[in-house]
Each structure stands twice: as structure tokens, then as C-alpha cells.
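Line by line, the protein sequences give chains A and B. Once you know that position 277 of the first sequence is 277 in my numbering, the rest is easy, because the numbers rise by one and skip nothing. Take the position in the second sequence, starting the count at 1, then add 1000; the result is the number in my numbering.
Some hints here could point you the wrong way.
Below 25 Å or equal to it, Euclidean Cα-Cα: the simulated BS3-like pairs (lysine-lysine) are [said to hold, decoys possible]:
#1 A:K166 x B:K1104
#2 B:K1166 x A:K27
#3 A:K166 x B:K1027
#4 B:K1104 x B:K1027
#5 B:K1266 x B:K1005
#6 B:K1266 x B:K1278
#7 A:K46 x A:K266
#8 A:K133 x B:K1133
#9 B:K1166 x A:K104
#10 A:K170 x B:K1166
I should point out that these hints are in silico values taken from the structure, not numbers from a laboratory.
Protein chains: 2
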Amino acid sequence: MSDLKSYLTATASRIDAAMDGFLPTAKTRPATIHSAMRYSVFAGGKRLRPVLCLAANAACGGDSENALAPACALELMHTYSLVHDDLPAMDDDDLRRGRPTCHKVYGEGMAVLTGDALLTQAFIVLAQTPETKRYSTRDFITELAETGGSEKLIGGQVLDLEGEAKPLTKRDLVRIHEAKTAALLTSSLRLGAMTANATPRKLEALTTFGHHLGLAFQVIDDILDVTQTTEMLGKTAGKDEAVEKSTYPAILGLDKSRKEAARLTKAAMKALQPLGKKATRLEQIATYLLDREY
Amino acid sequence: MSDLKSYLTATASRIDAAMDGFLPTAKTRPATIHSAMRYSVFAGGKRLRPVLCLAANAACGGDSENALAPACALELMHTYSLVHDDLPAMDDDDLRRGRPTCHKVYGEGMAVLTGDALLTQAFIVLAQTPETKRYSTRDFITELAETGGSEKLIGGQVLDLEGEAKPLTKRDLVRIHEAKTAALLTSSLRLGAMTANATPRKLEALTTFGHHLGLAFQVIDDILDVTQTTEMLGKTAGKDEAVEKSTYPAILGLDKSRKEAARLTKAAMKALQPLGKKATRLEQIATYLLDREY
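Take these sequences, add in the hints, and give me the full structure.
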């Protein structure tokens, strides 16, 4: 696993360097918005989506340079969704990745604009992805925009917002998690594979992998919110329970939630089989995500 | 001018029909966000950006069918910016196009998400634009995303937000208007021209036209805010003065502002010369915009 840890660290650094080049400097006018964009992006995130994008590119035999633009676009999309979700009118969160949230530092209006700017920047960056024989700019843009759109990422946040303080079934919860988390993780893998000109069969395998991995990831996040402290999480702990939000542990209990996470990860691993040995890195990442201390 | 009026009405209907096809139905789940998106889009706007896009396509001898996707994408981008600008944390407006603003009807959190969804949908739609010999999907996406980004549309709103209750010079004001208004009007013309495979020379002429037209349009908007009633405007009148916002009339006075609008429109007309007779429609539109009762 120390090999994986250094891979993750090296990849995060590589993404940060690429991201630095893809974002306007903090001095670009108007300076406030560019400083706020950088504050939100360079906050020590795990860069999980870029990591998955690059690892999927490698699993399909691609040149990782070609996956840098979509990797950064994915992280920009993810960061925008965090900035907006943290707003007082939404989840009203003061802490994110261990630091005050964007609206706490820059004010609410500026945080709305910062999210808007990060989302727009994602498409500026994504449009720079080199086309392949099978996949065009149109495919890349459609992939990310549909995943980020009203029926997936944003739709999930809507369901989440509407579901607060309302009892949900396990099925409701799966729908929310598919939309809010699994969809973007799956697109991370797909975009990485597309930049490697992957066959439709490999793309399909990675789609199934992403779906299960994403659900597993979200179950674990729900568990961690119950079992960890604010300090360990770097964001406010116990938040879900405080707002009576339906979560896996609330619906299934902690023990069954842990089993569900393990089952989903196993299903994810199985989906990788068509990729053979080249998928070892993705397998390691999935194992690592499941082994987070929950 | 009655010919122009029927052209504008027919074009707006055509855009509305295309937009209907490009948006998820109001029943698509989650229903709230799709109903909010449609509430914001189908609010009787002038469809000025789509009109300019289609007229520029015609001025460059294109097939207008090819300009429908960018025309709708431009209107989606424009509508998202209105929804977010109206938020309490921003301009805090209750009325827009004569109806309660999105956040008044759907709540603040949902209005943030609705704007996000409209912005994302703009790229889903824009990616469907047919490529031409000279212009690719990458060119279309880059054009709209840069115009909508942190240095133009969003940057202008930042300057506007930071400039409230602070005296601005005429130069500051021009910068804000370029970013907030002229940039998107210019991109409307450029995208229309690009779908007609316009020569670089024609594209350049339309860029100059859009720049002057956009500034003229904004000067007139400032004037109307002072001279018209809320009922006539369909949005809260006297708003700029109430928040001590710097505007053309506040800095130059009404009379000089009117002259400035006329001067800018003349410069816009002159820029159209390289397009010859095919630009008649664009000339009519510019004249019409200047002749709004101010």
C-alpha cells in the first residue's frame, strides 16, 4: 500500500500543478473572484476524481498527459458543487476540508459567483482535451455536462434538499447517492478511458465499476459522519443527525451499512475483470477507499 | 419597422419552440428543478441574444437551423445569470420580466440550483451545434465559456457587486458593461457567424458591432431605470438610484447619456459595412434597440 500512497501523493501534486496552469492567476482582475476560486480549489482535497480519471486512462493503455484536462475539469466541477452546497441557503456549512467555507471568507454573493466561475472554467478546461479516434470534444462535453446537470449532480442535491427532515427509504437514498456521488465518479473513469480511446466494452466495465464504487464511497461517508470527530473529518461531524437527514446508518444501522459498503466494493472489483492486469491500480484505489477508517 | 416586429415575434416563437425541445420536461424527476428551470426560461423575455445569433448567421449566408443550438445555449446562459443576480445575496430583486423572481417562488437554495442547472444545460445544448469547415465544437464551447467566465460575465457581476455605493468613473462603468452585457451580445453574434462558417474578416466586423451595440444597450438600460416605471419595465424601477449604484445617468446626466447611446449605435452601424446588404436585418435590430423609449 505504500506504493499506492506515493502514487496518490504524486498524482495529487501533478493535478495541482496542472490546475495552477488552467486557472487564471490570483492577480487577474477582478482579483477577488480569482482569489476565491483558488482558495476553494487549493484546499488540500483528495483529488479522488482526477486520480480515478488518470488511473482509468492508464487502465486502458492511454497517455496520461491527455487525461490532465478532463481530470482538472472534473475537480473544478466537484469544487463548484461543494461551494454551492455549503451556502447558507443549502447545507449551511462553515467548515470544508478543515478550513472556513468560501462564503464564510468571501461572503455569500461572492461564493455564488465563485461556484459559477468554477463550473464555467470546467468547460473551458475540458474543451482542451485532445480528441481521439473514437471520442470527440462533443462526447467529452456531453459526458460532463449531463453528469453535472439537473437529472444527476444537481438533481441529487435537489432530492437531498427536499429530503431533509423527511424519512427516506433505502431506495430513495440510493437514488440520491447515484445522482450526487456515483455519477461524477463514474464520469471521472469514463472521461479518463475516453482520452485513451477505450473500446466500448472497457468503457462499459468502468461505468459499472464507477457505479458500485460511488455508492460504496457514499455509504462510507455517511458512516464517517456518525463515527468520526469534526477534527478527523475536516468538516462538521454529526451534521446529518443534527438536521435529521436520512443516511445509511440511520436507515440500516451501522453494522449493516458497513456490510453494504463491503458488498458494493466487491461488486466494483468484479466489474474490473475485463480490464485484466492493467486495472490493478484501480483495484488498489477501491480497496483503499473501502479501508478508510469507518 | 412592422416587418422587423414580425421578424422579432416569429424568431422569438421559433426560439421558444427549440428551447422547449432542448429542456427536460417539467415532469422529469426531480420535478421541482425542471419546473423552476422552465419558469425562469419561459418568462416572456425578448430573446435578444438568440435573435442576434440568428441574424448574424443570416448576415454571413448561413442556414439558420444550424444556429438554433447556440441561440438557445446563449439564452440559457443569460437566464442563469439573471436568476443568480436576482438572489438576496446579490441584487436582491423580487421582480423580473414582470413576475416574481425564481427565489421568490422556489426558495433561495432552489434558485441557486436552478441557475446552476441552466448554466450546465447551456453546454449540453451548445455541444449539439454542427461543426463547420472553419469552426469546431471546441471553438463554440470556448467562445461561450470564456464569455460566461470569471473575466467577463461573472467578472462584471463581481465588479458590480463591489462597486455598489462606491463612486465609479466612466471608465470603470465601461469595463463593467463590457463584461456584463457587451461580451455576451458579441458572443451571440460570433456564434451565429461561426455556424455560417464566416470568414475571419466578417467575424471581426461582427465583434466590433457587438461591442458597440452592447455598450449602447446598457447605457439605455441605465436610462430606462431612471425614466420608466416598474410597470413599464417589468422589473423594479429606480433600483439603481435606491442602492446608490453608479450608472451612466448618475455620472454623465441624462442628456449626455442619451448622446452616448446614439454615438455608440452609430459606431456599431459603421462596423457592419464589410457585411454589405446582408447586414440589413442587424442594422434594423440596432436601430430598434436604440429607439426603445428612453
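Checked hints:
1. A:K166 x B:K1104: holds, 23 Å
2. B:K1166 x A:K27: Holds. B:K1166 to A:K27 sits at ~22 Å (cutoff 25 Å).
3. A:K166 x B:K1027: holds, 22 Å
4. B:K1104 x B:K1027: holds, 21 Å
5. B:K1266 x B:K1005: holds, 21 Å
6. B:K1266 x B:K1278: OK: B:K1266 and B:K1278 at ~18 Å, within 25 Å.
7. A:K46 x A:K266: holds, 22 Å
8. A:K133 x B:K1133: holds, 19 Å
9. B:K1166 x A:K104: holds, 23 Å
10. A:K170 x B:K1166: violated, 53 Å
In summary, the one numbered hint that this structure violates is 10.
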